[in-house]
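Chains A and B are the protein sequences, given in the same order. Going by this note's numbering, the first residue of the first sequence is number 13, and it counts up by one from there. Going by this note's numbering, the first residue of the second sequence is number 445, and it counts up by one from there.
No wet-lab data here; the hints were simulated from the structure. These numbers come from a predicted model, not from an experiment. Among these hints, one or two may not hold up.
When the alpha-carbon atoms are kept at most 25 Å apart in a straight line, the in silico DSS-like pairs for lysine-lysine are as follows [unchecked claim]:
1) B:515 - B:559
2) B:748 - B:538
3) B:538 - A:108
4) B:547 - B:611
5) B:756 - B:558
6) B:477 - B:611
7) B:477 - B:587
8) A:113 - B:559
9) A:108 - A:64
10) A:112 - B:538
11) B:515 - A:113
12) B:756 - B:515
13) B:538 - B:756
14) A:108 - B:515
15) A:112 - B:477
16) A:108 - A:94
17) A:112 - A:94
18) B:477 - A:108
19) A:112 - A:64
20) A:113 - A:94
21) B:587 - B:538
Far from chain A by the CB rule (all over 10 Å, computed), these chain B residues [what the hints assert, rightly or not]:
22) 479
23) 504
24) 512
25) 639
All C-beta atoms in this analysis are idealised placements derived from N, C-alpha and C, irrespective of residue type, glycine included.
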Amino acid sequence: MANVKEVSDATFRKEVLDSTVPVLVDFWAPWCGPCRMVSPLVEDLAGDFAGKVNFVKLNTDDNPATATSYGIRSIPTLIIFKAGQPVSQIIGFRPKTELKKHIESVVS
Amino acid sequence: MECDVVIIGGGPAGLAAGLYAARARRCAVMLEKNVIGGQIALTASIENYPGFPDGVNGFDLAEAMLQQAEKYGLQTIYVSALSVDKTDDRFLVKTSEGDFRTKTVIAAGGGTYKKLGVPGEERLIGRGVSFCATCDGALFRQKEVLVVGGGDAAIDEALFLARYASKIRVVHRRDQLRATPVLQERAFAEPKLDFVWNTVVVEVLGDDVVTGARLRNVISGEESEMAVAGVFIFIGQQPNVDYLKGLVAMDETGRVIVNDWMETNVPGVYAAGDGRRNAARQVVSSAGDGATAAIRADEYISEKFGVWTPPK
Numbered sequence: 013m014a015n016v017k018e019v020s021d022a023t024f025r026k027e028v029l030d031s032t033v034p035v036l037v038d039f040w041a042p043w044c045g046p047c048r049m050v051s052p053l054v055e056d057l058a059g060d061f062a063g064k065v066n067f068v069k070l071n072t073d074d075n076p077a078t079a080t081s082y083g084i085r086s087i088p089t090l091i092i093f094k095a096g097q098p099v100s101q102i103i104g105f106r107p108k109t110e111l112k113k114h115i116e117s118v119v120s
Numbered sequence: 445m446e447c448d449v450v451i452i453g454g455g456p457a458g459l460a461a462g463l464y465a466a467r468a469r470r471c472a473v474m475l476e477k478n479v480i481g482g483q484i485a486l487t488a489s490i491e492n493y494p495g496f497p498d499g500v501n502g503f504d505l506a507e508a509m510l511q512q513a514e515k516y517g518l519q520t521i522y523v524s525a526l527s528v529d530k531t532d533d534r535f536l537v538k539t540s541e542g543d544f545r546t547k548t549v550i551a552a553g554g555g556t557y558k559k560l561g562v563p564g565e566e567r568l569i570g571r572g573v574s575f576c577a578t579c580d581g582a583l584f585r586q587k588e589v590l591v592v593g594g595g596d597a598a599i600d601e602a603l604f605l606a607r608y609a610s611k612i613r614v615v616h617r618r619d620q621l622r623a624t625p626v627l628q629e630r631a632f633a634e635p636k637l638d639f640v641w642n643t644v645v646v647e648v649l650g651d652d653v654v655t656g657a658r659l660r661n662v663i664s665g666e667e668s669e670m671a672v673a674g675v676f677i678f679i680g681q682q683p684n685v686d687y688l689k690g691l692v693a694m695d696e697t698g699r700v701i702v703n704d705w706m707e708t709n710v711p712g713v714y715a716a717g718d719g720r721r722n723a724a725r726q727v728v729s730s731a732g733d734g735a736t737a738a739i740r741a742d743e744y745i746s747e748k749f750g751v752w753t754p755p756k
């Protein structure tokens, strides 16, 4: 839990866009079943990539401005940001091994 | 890995089969390629599963079923099943990550939503094209959306979207709905719902996100464009049992032919839920199928390999 910080419209710039390391953002909402399957995987992966990639989550219900500006129309959506730019996007549930491979390919 | 029962699919049929197989103290493994619950994981409220007078959230129900089955020893592995082959008196299930040898196979693959097969659709999935209002509906607050289809799923999801969207246009290729009367009553009473009859979607429009759809009236042939932020597609499902092709008999729609015991024409292979012929395609009937298949699989293992005996 502690590995994945909750970010908001207000903190998104500081935590994500201004980060010096790549950041994976888990766009989720409490009503979304598949999000509840992705969240524990994201927490695990945060441990695996500790120090190399920051992992944060953004509640799309409470933070519609950020969700809208990145065109989020389906959740769970995971977006990896490098130097303030979205560089890859995964929409929908994927098994952990697949997520891991994807993150490795993007950040390495 | 070797087991007694390999269950392919983690929806209600697979989860019930897993519960029964695990309680029979058979080594049971359930393979799921996506989200536990299958189609019900994407359903906000299931109102027709007995025992829940106020309805139950589909994902909650699936999670509870999983906990119950795992409590008795069901193992869940997140992989895709690719093929099933008979080898001597066992079966070999090949998956995206390794093979499983097993005495029996229960195919509980369920269904996958059908796509329209029109330009723009595939490219804009997750970017305004959706097959799940429950998943994505809240991201369309105060926006106008299209729903394609006229069955239970289409109307259910259109009603769900009415919580968020400002206007929902239900596009249906016929001039009346196929949905259950109680859903039709609700649909016609919902002021946010409009119906566009005798019409099909011929293209989904938009560069990065959906901005509209091109429609064609099937009677006049006239085409028109409609500005919408989302296109929700519910035009039925296709069975998800391709991994059994060539092994067991199927009907012309690709569904597995089974008898009253969920037995296929190959002893030791069973099919349960939406992937079998003549399924009622309900949560309750799928769970029933899964239980039947697991009970029969347990009997088959007892007959062929010996009965379960308590540990000394």
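Each hint, compared with the structure:
Straight-line distance between C-alpha atoms of residue 515 (chain B) and residue 559 (chain B) comes to about 37 Å, which puts the hinted pair past the 25 Å bound. Distance hint between residue 748 (chain B) and residue 538 (chain B) is fulfilled; the C-alpha atoms sit about 23 Å from each other, no more than 25 Å. Between residue 538 (chain B) and residue 108 (chain A) the CA atoms are separated by roughly 19 Å; this keeps the pair inside 25 Å, and the hint holds. Restraint check for residue 547 (chain B) and residue 611 (chain B): not satisfied, since their Cα atoms lie roughly 53 Å apart, outside the 25 Å limit.
Of the pairs offered as hints, the one joining residue 756 (chain B) and residue 558 (chain B) is violated, with about 52 Å between alpha carbons and a cut-off of 25 Å exceeded. About 35 Å separates the Cα atoms of residue 477 (chain B) and residue 611 (chain B), which puts this hinted pair outside 25 Å; it is violated. Note on residue 477 (chain B) and residue 587 (chain B): the hinted pairing is violated, with a Cα-Cα distance of about 33 Å set against a maximum of 25 Å. Between residue 113 (chain A) and residue 559 (chain B) the CA atoms are separated by roughly 28 Å; this puts the pair beyond 25 Å, and the hint is violated.
Between residue 108 (chain A) and residue 64 (chain A) the CA atoms are separated by roughly 18 Å; this keeps the pair inside 25 Å, and the hint holds. For the given pair, residue 112 (chain A) sits about 22 Å from residue 538 (chain B) by alpha-carbon distance, which is consistent with the 25 Å threshold. A hinted pair counts as satisfied when its Cα atoms are at most 25 Å apart, and residue 515 (chain B) with residue 113 (chain A) does not qualify at roughly 31 Å. Distance restraint check for residue 756 (chain B) and residue 515 (chain B): the Cα-Cα separation of roughly 22 Å lies within the 25 Å cut-off, and the hinted pair is therefore satisfied.
Proposed proximity of residue 538 (chain B) and residue 756 (chain B) is contradicted: the alpha carbons are some 34 Å apart, above 25 Å. Our distance criterion of 25 Å between C-alpha atoms is met by residue 108 (chain A) and residue 515 (chain B), whose separation comes to about 23 Å. This hinted pair checks out: residue 112 (chain A) and residue 477 (chain B) have alpha carbons roughly 16 Å apart, not beyond 25 Å. With a C-alpha separation of about 21 Å, the suggested pairing of residue 108 (chain A) with residue 94 (chain A) holds against the 25 Å cut-off.
Between residue 112 (chain A) and residue 94 (chain A) the CA atoms are separated by roughly 17 Å; this keeps the pair inside 25 Å, and the hint holds. A C-alpha spacing of about 11 Å is found between residue 477 (chain B) and residue 108 (chain A), which places the hinted pair at or below 25 Å, so the restraint holds. Under the criterion of a C-alpha separation no larger than 25 Å, the hint pairing residue 112 (chain A) with residue 64 (chain A) is consistent with the structure, at around 13 Å. A threshold of 25 Å between alpha carbons decides the hint, and for residue 113 (chain A) with residue 94 (chain A) the separation of about 17 Å falls inside it, so the pair holds.
For the hint pairing residue 587 (chain B) with residue 538 (chain B), the CA-to-CA distance comes to about 45 Å; that exceeds 25 Å, so the pair is violated. Annotated as non-interface, residue 479 (chain B) brings its C-beta within 10 Å of a C-beta of chain A; the closest such distance is 5 Å. Annotated as non-interface, residue 504 (chain B) brings its C-beta within 10 Å of a C-beta of chain A; the closest such distance is 8 Å. Every C-beta of chain A lies more than 10 Å from that of residue 512 (chain B), the closest at about 17 Å, which supports listing it as non-interface.
Once the 10 Å rule is applied to beta carbons, residue 639 (chain B) is consistent with being away from chain A; the minimum gap is 24 Å.
Going through the hint list in order, the structure does not satisfy hints 1, 4, 5, 6, 7, 8, 11, 13, 21, 22, 23.
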